[in-house]
Amino acid sequence: MTYAIIGSGNVGQALAHRFARSGIAVSLANTRGPDSISDLAMKLGPAVTAVHLQDALNADVVIFAVPFAAHAAIAQAIGSWGGKTVVDVMNFREPSLAPLGGLQSSDFMAKSLPGAKVVKTFNQLPAALLASDPAENGGRRVMFVAGNHDEANSAVADLIASLGFAPVVLGKISEGGSLLRFRGPLVLQNLIKLGS
Amino acid sequence: MTYSIIGSGNVGTALARQFAHSGITVGIANTRGPDSIAPLAKELGAKVVPQTLQDALKADVVILAVPFRAHPTVARALASWSGKVVVDAMNTYGVSPEELKGQASTDVVAAAFPGAKVVKTLNQLPARLLAQDPSVNGGRRVMFVSSNDANAEALMATLVADLGFAPIQLGKVNEGGMLIGMGGSLILQNLVKQA
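Same order as they appear, the protein sequences are chains A and B. Here the first sequence is numbered in numbering that gives the first Met the number 0, starting from 0 and rising by one per residue. Here the second sequence is numbered in numbering that gives the first Met the number 0, starting from 0 and rising by one per residue.
Chain A on its own, in the form it takes in the complex:
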């Protein structure tokens, strides 16, 4: 399984930091080219490689850590999304879903990624918390996961566990996933899962 993060802002950097700490190889790309992130990749260590957007899109799992408005352009950058898992880390920061035809933002973006299995996660914590060690007080920081494809949910949940978080799968986007919408009840909650 190969991974790429698209976006080198606060959230993309926070995720790259967690991959680096967990020793999981990841490509990092933005629209400005690898030179703009080579210093960052160098600082994060050998697990993180700055690449061109086109190369990043070859990964099995492509993590969208860009502003929501930027997703459509990235979607058009490759011919086919068939078989890929796309992780939606974006937030649609409007109070109403009317501009999306009433769809949750992940279901809306999925329409521009035909064949991709879209999983929503990593969107729910502020970047500083996302970057910090998920092991705390003998437990693990919770990361909620939602998506319409059970196998992709499980694969991403495994990745999340490998990154040190406690994944909690909420089911489909239109069901549990709606709790991860902008300002939804499970967003911006710093939760530590302890053993029971």
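Think of the hints as simulated: they come from the structure by calculation, not from any bench. Errors might be hidden in some of the hints.
Lysine-lysine pairs mimicking BS3-like chemistry, simulated, CA-CA at most 30 Å apart [stated by the list, open to error]:
1. Lys171/A / Lys100/B
2. Lys110/A / Lys57/B
3. Lys42/A / Lys83/A
4. Lys192/B / Lys171/A
5. Lys192/B / Lys46/B
6. Lys41/B / Lys100/B
7. Lys100/B / Lys46/B
8. Lys57/B / Lys46/B
9. Lys171/A / Lys46/B
10. Lys57/B / Lys83/B
11. Lys171/B / Lys83/B
With chain A's structure known, arrange chain B on it following the hints.
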């Protein structure tokens, strides 16, 4: 606002313990009568008041901590539930989806308590965890709350906070509430919300 717990099993006892620790007065009743609860009340102190079932049902907020199949009997014990908040702290262990006619269990409960505002919460932790101090490592144990009535949901979130938990409101029963139904992904999760 007056509160009562119906049921003195593991869950009812755990809840009574939290009310006592938080200094919030609560009635507690079962079908066997107040004498059967006197030893528990004595242990927990003056805030926990053993009552007859009839007296307990006079409370503004009635917390159902009985086995799921016992809720219709409680419902029939009062002529009108109008204006009351009923907290569904039950789980449907051993109850088949057919028995629920495919509905969410809290909706089945709501149908049995016409006029009541039904809120699902306090159901999602094992009794042992429910009874423990919700203050953990400087944070608070999470308690999810769901209801089709937004006002009642907010009211019970306040109660849950007064009991020391960190409430998270999930919204309607057939939306976020499904996650704290039987087999839901937010059931039996020992989560602590950090400050």
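Status of the hints after comparison with the structure:
{"no.": "1", "hint": "Lys171/A / Lys100/B", "verdict": "holds (23 Å)"}
{"no.": "2", "hint": "Lys110/A / Lys57/B", "verdict": "violated (53 Å)"}
{"no.": "3", "hint": "Lys42/A / Lys83/A", "verdict": "holds (29 Å)"}
{"no.": "4", "hint": "Lys192/B / Lys171/A", "verdict": "holds (24 Å)"}
{"no.": "5", "hint": "Lys192/B / Lys46/B", "verdict": "holds (27 Å)"}
{"no.": "6", "hint": "Lys41/B / Lys100/B", "verdict": "violated (42 Å)"}
{"no.": "7", "hint": "Lys100/B / Lys46/B", "verdict": "violated (39 Å)"}
{"no.": "8", "hint": "Lys57/B / Lys46/B", "verdict": "holds (17 Å)"}
{"no.": "9", "hint": "Lys171/A / Lys46/B", "verdict": "violated (44 Å)"}
{"no.": "10", "hint": "Lys57/B / Lys83/B", "verdict": "holds (9 Å)"}
{"no.": "11", "hint": "Lys171/B / Lys83/B", "verdict": "holds (18 Å)"}
The structure is inconsistent with the numbered hints 2, 6, 7, 9, although it conforms to all the rest.
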